Amino acid sequence: MKGDLLTVKNLRVIFHTYRGIIKALNGVNIWINKRERLGLVGETGCGKSVTSLSIMRLIEEPGEIVDGEIIFDGRDLLKLPESEMMKIRGKEISMIFQEPISALNPVFKVGYQIAEAIAHAENVSMKDAYGKVKDALEMVGLDWKRTMNLYPHELSGGMAQRVMIAMALVTKPKLLIADEPTSALDVTIQAQILKLLDELIKEMGSAVMMITHDMGVAAEFCDKIAVMYAGNVVEYAKTEEIFENPLHPYTRGLLKAVPRIGRSEELEGVPGVVPDLVDPPPGCRFHPRCGDRLDVCSSKKPELVEVEEGHFVACHLFHGGVRT
Amino acid sequence: MEYQESERISRWRPLIEDLKHTMYLWRKNKLAMIGTVIILGFIIVAIFAPVLAPYDPYQQNLHNRLAPPSREHLLGTDQFGRDVLSRIIWGTRIELKIIFLVTVISTAIGTIIGLISGYFGGAVDEILMRITDMFLAFPSLVLAMAFAAALGPSLTNAIIAISVITWTVYARLVRAETMKIKSTLYIEAIRALGAGTFRILFLHILPMTISPILVQMTLRMGTIILTAAGLGFLGLGAQPPTPEWGAMVSDGRLYMMNAWWISTFSGLAIALVVLGFNLLGDGIRDILDPRLRR
Amino acid sequence: MKLWYFIMKRLFLMVIVLFGILVLVFFIAKIIPADPVGALLGGNAPPELVDELKHKLGLDKPLIIQFIDYIKGALRGDFGISLKTNRPVIEDIKEYFPATMELAIFAIIIAVGIGIPLGIFSAVKRNSFVDHFSRIFSILGVSMPVFWTGLLLLLLFYYKLGLLPGSGRLELFIIPPEPKTGLIILDALLEGNWEAFWDGLKHIILPAFVLGYASSASIARMTRASVLDVLRQDFIRTAKAKGLPKRLVIYKHALKNALIPVVTLIGLRFGSLLEGAVLTETIFGWPGLGRYIVNALLVLDYPAIMGGTVFIALIYSLANLVVDITYAVLDPRMRI
Numbered sequence: 001m002k003g004d005l006l007t008v009k010n011l012r013v014i015f016h017t018y019r020g021i022i023k024a025l026n027g028v029n030i031w032i033n034k035r036e037r038l039g040l041v042g043e044t045g046c047g048k049s050v051t052s053l054s055i056m057r058l059i060e061e062p063g064e065i066v067d068g069e070i071i072f073d074g075r076d077l078l079k080l081p082e083s084e085m086m087k088i089r090g091k092e093i094s095m096i097f098q099e100p101i102s103a104l105n106p107v108f109k110v111g112y113q114i115a116e117a118i119a120h121a122e123n124v125s126m127k128d129a130y131g132k133v134k135d136a137l138e139m140v141g142l143d144w145k146r147t148m149n150l151y152p153h154e155l156s157g158g159m160a161q162r163v164m165i166a167m168a169l170v171t172k173p174k175l176l177i178a179d180e181p182t183s184a185l186d187v188t189i190q191a192q193i194l195k196l197l198d199e200l201i202k203e204m205g206s207a208v209m210m211i212t213h214d215m216g217v218a219a220e221f222c223d224k225i226a227v228m229y230a231g232n233v234v235e236y237a238k239t240e241e242i243f244e245n246p247l248h249p250y251t252r253g254l255l256k257a258v259p260r261i262g263r264s265e266e267l268e269g270v271p272g273v274v275p276d277l278v279d280p281p282p283g284c285r286f287h288p289r290c291g292d293r294l295d296v297c298s299s300k301k302p303e304l305v306e307v308e309e310g311h312f313v314a315c316h317l318f319h320g321g322v323r324t
Numbered sequence: 001m002e003y004q005e006s007e008r009i010s011r012w013r014p015l016i017e018d019l020k021h022t023m024y025l026w027r028k029n030k031l032a033m034i035g036t037v038i039i040l041g042f043i044i045v046a047i048f049a050p051v052l053a054p055y056d057p058y059q060q061n062l063h064n065r066l067a068p069p070s071r072e073h074l075l076g077t078d079q080f081g082r083d084v085l086s087r088i089i090w091g092t093r094i095e096l097k098i099i100f101l102v103t104v105i106s107t108a109i110g111t112i113i114g115l116i117s118g119y120f121g122g123a124v125d126e127i128l129m130r131i132t133d134m135f136l137a138f139p140s141l142v143l144a145m146a147f148a149a150a151l152g153p154s155l156t157n158a159i160i161a162i163s164v165i166t167w168t169v170y171a172r173l174v175r176a177e178t179m180k181i182k183s184t185l186y187i188e189a190i191r192a193l194g195a196g197t198f199r200i201l202f203l204h205i206l207p208m209t210i211s212p213i214l215v216q217m218t219l220r221m222g223t224i225i226l227t228a229a230g231l232g233f234l235g236l237g238a239q240p241p242t243p244e245w246g247a248m249v250s251d252g253r254l255y256m257m258n259a260w261w262i263s264t265f266s267g268l269a270i271a272l273v274v275l276g277f278n279l280l281g282d283g284i285r286d287i288l289d290p291r292l293r294r
Numbered sequence: 001m002k003l004w005y006f007i008m009k010r011l012f013l014m015v016i017v018l019f020g021i022l023v024l025v026f027f028i029a030k031i032i033p034a035d036p037v038g039a040l041l042g043g044n045a046p047p048e049l050v051d052e053l054k055h056k057l058g059l060d061k062p063l064i065i066q067f068i069d070y071i072k073g074a075l076r077g078d079f080g081i082s083l084k085t086n087r088p089v090i091e092d093i094k095e096y097f098p099a100t101m102e103l104a105i106f107a108i109i110i111a112v113g114i115g116i117p118l119g120i121f122s123a124v125k126r127n128s129f130v131d132h133f134s135r136i137f138s139i140l141g142v143s144m145p146v147f148w149t150g151l152l153l154l155l156l157f158y159y160k161l162g163l164l165p166g167s168g169r170l171e172l173f174i175i176p177p178e179p180k181t182g183l184i185i186l187d188a189l190l191e192g193n194w195e196a197f198w199d200g201l202k203h204i205i206l207p208a209f210v211l212g213y214a215s216s217a218s219i220a221r222m223t224r225a226s227v228l229d230v231l232r233q234d235f236i237r238t239a240k241a242k243g244l245p246k247r248l249v250i251y252k253h254a255l256k257n258a259l260i261p262v263v264t265l266i267g268l269r270f271g272s273l274l275e276g277a278v279l280t281e282t283i284f285g286w287p288g289l290g291r292y293i294v295n296a297l298l299v300l301d302y303p304a305i306m307g308g309t310v311f312i313a314l315i316y317s318l319a320n321l322v323v324d325i326t327y328a329v330l331d332p333r334m335r336i
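Taken in order, these protein sequences are the chains called A, B and C.
Position one of the first sequence corresponds to residue 1 (my numbering), numbered consecutively onward.
Position one of the second sequence corresponds to residue 1 (my numbering), numbered consecutively onward.
Position one of the third sequence corresponds to residue 1 (my numbering), numbered consecutively onward.
Keep in mind that the hints were calculated from the coordinates and are not lab data.
Small disclaimer: the values here were computed from a predicted structure and weren't measured.
Glycine included, every Cβ here is placed at the ideal spot set by N, Cα and C.
One thing to keep in mind: the hints can contain errors.
[Said to hold, decoys possible] Across the chosen pairs, the derived CB separations fall in these ranges:
#1 C/Trp198 - B/Gly121: 55 to 65 Å
#2 C/Val130 - B/Lys30: 12 to 22 Å
#3 A/Lys2 - C/Pro245: 30 to 40 Å
#4 B/Val104 - C/Arg87: 36 to 46 Å
#5 B/Thr156 - C/Arg76: 46 to 56 Å
#6 C/His132 - B/Glu126: 41 to 51 Å
#7 C/Tyr159 - B/Glu126: 47 to 57 Å
#8 C/Glu91 - B/Thr156: 32 to 42 Å
#9 B/Gly121 - A/Asp128: 50 to 60 Å
#10 C/Tyr159 - A/His16: 44 to 54 Å
#11 C/Arg247 - B/Ile34: 43 to 53 Å
Make a model of the complete structure from these sequences and hints.
Shown next as structure tokens:
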């Protein structure tokens, strides 16, 4: 379970709250190869964003990374001093977020914010950085002369996301983490943005971790998909595999809830509710909602193992790598 | 029979749970607890003043003027030989009266204006808001002073004066809330059912604004006391020999050099009660706010 | 361009409100039942004297004429003659206002100088000793009545320790500087009159601190809350994701946003400083507008009351206007 660009092993993250300790990430394993596009899907609260923020080491109190390894390009990010980590952020790993307008500082002009990213990543003066802002904005299809001098609240959602993409990609990062970049946008704009990302990524040769709760977006954009549930990766495979041959009961449930052209079956939800992570169910966290559960599911946590070639599942139904 | 029983229980339960959760948060917030204790103490002292005060607050004893704190007079005596402690204790009743009346009057006026302004909008709203702005264009103490002086210095007039400057807060608050609420589907539905304006305003919109009003009321109480004390200090509030704390501080001013206890303890009483209200108000704000998040 | 439009609109609104102020003050003075003549002359004055005074004050004219005269006068800056000092009220105001201004300026400097750093420090280093100290400091500051704090400090520094003077702006034996701005300390500085400068400072420090304390508490609280609030926002996360160093993030990205409501607060506190000035000036015998109005109120010197109140309201409105404009300049979202 290794990627040649990024390997996350056994990542555990907790949050201290007045109600108790939230065990948000329960030993997450995930990996990406160079130039690969990985989709990270799951319900709200399953830990997708926490995973991505952990990779960037942006988890702050009351959150805490308590265990695991994050190997990026040969280095364990969790062991780096903050000064080294700052050099990686924005330059080798970039991130874009869900609500693009509020992700930008409302009191600075767009041009300034982009220039700042460039100046910092490439270690040049602001003056030189300003020169490159033009290229950055043209790259994402915006009128640079006008856009540079606008404030974030004067942009539309689509424009703002383009600005964020410009800021993230102008430094040619090795990995782009996109946390629900289109969820807050209209459907037509969504398509545009995804197309833009598609072209730019191809040009830059970056790998992408696309976080989304929209299976359609994942299907469209990603080479591989990792399904998360309640703080664990429960299934990991190529996109086609996930859609045609979903193994984990949760994945199967998710797909049954997604309408698809050509299918006329009724939509079904997954029964039950997302568990309380302060006091999660023992063993497999999905077992209370699972129609196929075995006795062992309530006591032992299933590990993510390769069941078929390139297809990984964390489920006791596939004990020891063999479907039982 | 059984079915009805369980239904009745389940309707109350969420409210009780909510209340229990509020109580829990209240107790956990140390500062709010301290504030609550102070205020409860204040109210108890006011209620039991005749029992708690060792002396009659009006009784003069010219042989024992300006006596320093001692066992007979824990906080000393003032320029007429009256026991400072007793006067402070009885003063709680006056402060309580002020707070109560000012709050009731200003909330009533402010809420009505806010409801009308927010609900009807348009020209009515503009006019009412400009009037509110006019009142807000003055530093509040100055306006209160002007009213109190014009009406004639007395406790009643001070109460009126302070109410006159406080209602604006409620007016704005209620107006903002009303505007938010009036466009909800709930109100539209009621209107479609044919409810008259008064009914809508008072039976439906008003109850929904009570929560923020209550919060504001608590936050305002400290300011009310400070303003009242300020007026008292300037001689524009309760007149002697009434034991109003602000007036007492002013009385003691002449004797600061050799009888510091008069002003000091009266002012301390003011500070303590205002502190209590501020802590309570902050606590309430804290409790209500992060609960809505996460 | 949008900014100018905004300013013009605000100025226009201010004019309307000012007119309303004039009306309100007139209403207070005239319509509320109180007999100014009786108050001045006592209850048993002979009727001829009463009539004469009434005529002199213009109180025998019909109310509407009085109102028009009043408005006309106000627009000219003429509020009549003070019944106490027998000078045009506007002259009195010109004499006493600079003292209040000076006090208010020093108070604001103290308030901001203490409040903002304390607030920032508290927010960035939560639950440290400084944070707790600052919170206690703040909550005491808004709870203690201004006049009490003043008296206590007077007791300590003047009566008991004799370190600082008890009243006035300068000792009588010091030669005051040429009144160019009316601010003694500034004038002394400009003139190089060091004696007056230091003495002036000694006189102003206590009242300015007392006046500024409540505001500093309020500013510290607001700054802390604002900084904490801003640090939670999305764009801070973006700034960090861009790899910006923490210090840059805080001092540039966060502060510029966080200080916006604080600036508003400072402006508003300026207004409440004017009220605090009333009490502080009374305690410290500071010859400013606040004390002037208090005295006028106590003797029912109507022209002085009306003139003084309108003037204070004017300053207060101007302060609010400046605050609104500053807010719009700092926060581009507000330029509606």
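In this structure, is the beta-carbon distance linking C/Tyr159 and B/Glu126 contained in 47 to 57 Å? 54 Å, holds
Please check whether C/Trp198 and B/Gly121 have a Cβ separation lying inside 55 to 65 Å. 59 Å, holds
Can the suggested window of 46 to 56 Å be confirmed for the beta-carbon pair B/Thr156 and C/Arg76? 37 Å, violated
How does the Cβ-Cβ distance of C/Glu91 and B/Thr156 compare with 32 to 42 Å: does it lie in that range? 36 Å, holds
Can the suggested window of 43 to 53 Å be confirmed for the beta-carbon pair C/Arg247 and B/Ile34? 36 Å, violated
A/Lys2 and C/Pro245, beta-carbon distance inside 30 to 40 Å? 32 Å, holds
Looking only at beta-carbon atoms, does the pair C/Tyr159, A/His16 fall within the given range of 44 to 54 Å? 52 Å, holds
Starting from the hint 36 to 46 Å, judge whether the C-beta atoms of B/Val104 and C/Arg87 obey it. Given range 36 to 46 Å: holds, Cβ gap about 43 Å.
Pairwise beta carbon distance, C/His132 to B/Glu126, judged against the given window 41 to 51 Å: Because 47 Å falls inside the window, the suggested range holds.
Beta-carbon spacing of C/Val130 to B/Lys30 - inside the hinted bounds 12 to 22 Å or not: Check passed, 19 Å falls within 12 to 22 Å.
Assessment of proposed distance window 50 to 60 Å (beta carbons of B/Gly121, A/Asp128): With Cβ atoms ~54 Å apart, the hint holds.
Checked against the numbered hints above, the structure breaks hints 5, 11 and satisfies the rest.
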